[in-house]
Every structure is written in structure tokens, then in C-alpha cells.
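Colleague: I would like the entire structure built from these sequences, with the hints used as guidance.
Below, each chain spelled out in residue letters.
2 protein chains.
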Amino acid sequence: MMELTRKGEYAIRGIIYLAQQPPGRVSLISEIAAAAEVPQTFLAKIFQSFAKLGLVSSSRGTGGGFVLARPASTITLREVVEAVEGPILPNRCLLGSACDRGGPCRVHAVWKQVQTEVVSILDAVTIDTLARSPDCKG
Amino acid sequence: MMELTRKGEYAIRGIIYLAQQPPGRVSLISEIAAAAEVPQTFLAKIFQSFAKLGLVSSSRGTGGGFVLARPASTITLREVVEAVEGPILPNRCLLGSACDRGGPCRVHAVWKQVQTEVVSILDAVTIDTLARSPDCKG
DNA sequence: ATAAAAGGGATCAAATTGGTCCTAAAGGTG
DNA sequence: CACCTTTAGGACCAATTTGATCCCTTTTAT
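For the record, the sequence lines run as chains A and B. Using the UniProt record's numbering, the first residue of the first sequence is number 1, and each one after it goes up by one. Using the UniProt record's numbering, the first residue of the second sequence is number 1, and each one after it goes up by one.
In case anyone wonders, no lab produced these hints; they're calculated from the structure. One should not assume that every hint holds.
No copy is singled out in the list; a pair is fine if it fits within one copy or between any two copies.
As the list claims (entries may be wrong) - Once the Cα atoms are required to be at most 25 Å apart in a straight line, the calculated SDA-like pairs of lysine to any residue come out as:
#1 Lys-45 - Cys-93
#2 Lys-112 - Gly-63
#3 Lys-112 - Gln-40
#4 Lys-52 - Ser-120
#5 Lys-112 - Gly-86
#6 Lys-112 - Asp-128
#7 Lys-45 - Thr-126
#8 Lys-112 - Val-26
#9 Lys-112 - Pro-22
#10 Lys-52 - Ala-124
The structure displayed is predicted, hence computed values, not measured ones.
Modeller: Printed below as a string of C-alpha cells:
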């Protein structure tokens, strides 16, 4: 359980690639897709989400493409994951104040704890850190 | 992301009910399903998994039903969740030693950390604790 | 104008989720 | 034994989600 989907994985790979480019360098979606080994049309959707959320900025037309909208050191893994997968939410009942049935939410506190912990782990990792980390082949 | 499915939620509700019964008391699946407000046939499948894994013991025929196979204080929330949802696995790459593409698994260590943390939270909660916890209506 | 990008909607196949149904097997009871 | 009760297990099914693809529009540089 709790698996990241392809979308999430692609999102991470794609934005890491962007973060590895020289500052200000514009990348085409085709270029990012090739480098990250992700289906291009799918990645395009992902980057649309990024753009809407202000993680990357996009420009159209000749010479257009994508650039990080903020320094990589200020973009957290959590933001990237949540951008495409929605909020970290181990159980629906963490949304409303009350749990579904007329009452018991014995596990509520546990899910809350899981949520808090996962969020804090993902918030502590920046895209910059990931982009600089060595590949661990083999 | 990371949402528990209905199956997981039903599993927890069902086994909590069992844990609330007087020791040794046999419960019918129909009874558990009604109490936990879960579709009976679906819950039956869930309890089949429990039985195979030795969380509950089952007996057939008249007077048959389900009982916890071990003291509720030795059954952790993690066991229950994993019984029906599979292992806590934030990313596939935590299975094999290497990550998919010829190399980079920059986020590998992060997912490992998430996995470890979640497992430890869920392992710290026993069904007994949940069964005794007060309902938090409203 | 035209070509090069991203934006956005529609669509689609495959997998997963959430369940039902039916028959078989096992265990009591008269 | 025949019969009833109860779980076991397999087949099946609808709805949703996932993982894409396609096509047309919009923006922008030349």
C-alpha cells in the first residue's frame, strides 16, 4: 500500500532534470521527456500542473519551454508529489472533522500521525538536493 | 496520495469488533459485518485473508465463526493493514535492490525512510489499544 | 504568415477497486 | 445418514482510477 503512481515518479524525474540544467536555461518538454525516459504527452500534462501551481514557468512559441519558477532549493519533494498526486492523505477521514459513520474513528489519530510524519519527511527534501545527489547505479 | 482503501478500512473495523468480544466468543461473519457496517460478502473475503495469515481462526458449520487467533495486544495495526493491502511500499523500487532505469534512484533513500517511519507507527498500535479506545463521536 | 511551442479537452485501454454470486467443503444435529 | 449451518474459494462484474494518446487552440518569435 501507499504506492506512488507513475505520474508521481515521472513528475519527480522530470523536475529533477530541470533542476540540473544551468540556471535560466529553457528546456523543451520533448527534451525533458527524452532525458527522464517518460512518455512525452503524459509528461506534458504533468508540467501543466507544475505551471499552474507555480513550480515551473512556461513560455510558448519558438524558444519557449520550461524553467523552474523558483530556486530548486526552495522546492520540496512534497510539493512535487502533491502537485500531481494530491495531498498526502492516508485516510479520507483526515479531511472532514468527523469520521464517516455516526462515530468511531479509533484509528484517526494514527492516520494523522502517519500524515504528519510523511509530510515532514518529504518536506525536508528539496529538488536541489535530489538533483545534486549522485546516481546509484547497480 | 497514500490512501487506505475500503478494504483496509473494513478490515480494521472488522477485527476491532472481534477484539471487543468476550475472550473465546465466536462471531459469525454476518454479525461482524452488521456491527462494522460492511458488506458481508466483502468482509468474508477479508476474513479469509486474516485466517490464512493466522490473525484469526475460523471454524465451519453450526457454532462456527471467527475468533482472534492471538491476543489482541499482540496484533498490530500494521499486520491488519498489510494482510489486506499488501506491504507498506511507497515505491516499487524498494523491492528489488536496484531501481528500474539503468541507474538513478535519487529518491530511493527518501522512500525507504517513509516506509520505515510508517511501518514503525503502525507497528506501535495494537488492535487491543484500538478496541479499548473510546469512540470519538461528533 | 508561418513555424514552434505549450494549453487543454476528449478519448481510450488496462488495471485496480469494490463488490456479488455460486458452488464446494467442513462441521454439528436429529 | 440426511440436513442444516457456516466458512472457503473461484468466477464474475460494474465503477473508478491509471496511464496514456490525439487533436485542436493559443501564444510567441521570426
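Colleague: Honestly, which of those hints from before does the structure not fit?
Modeller: 2, 3, 8, 9
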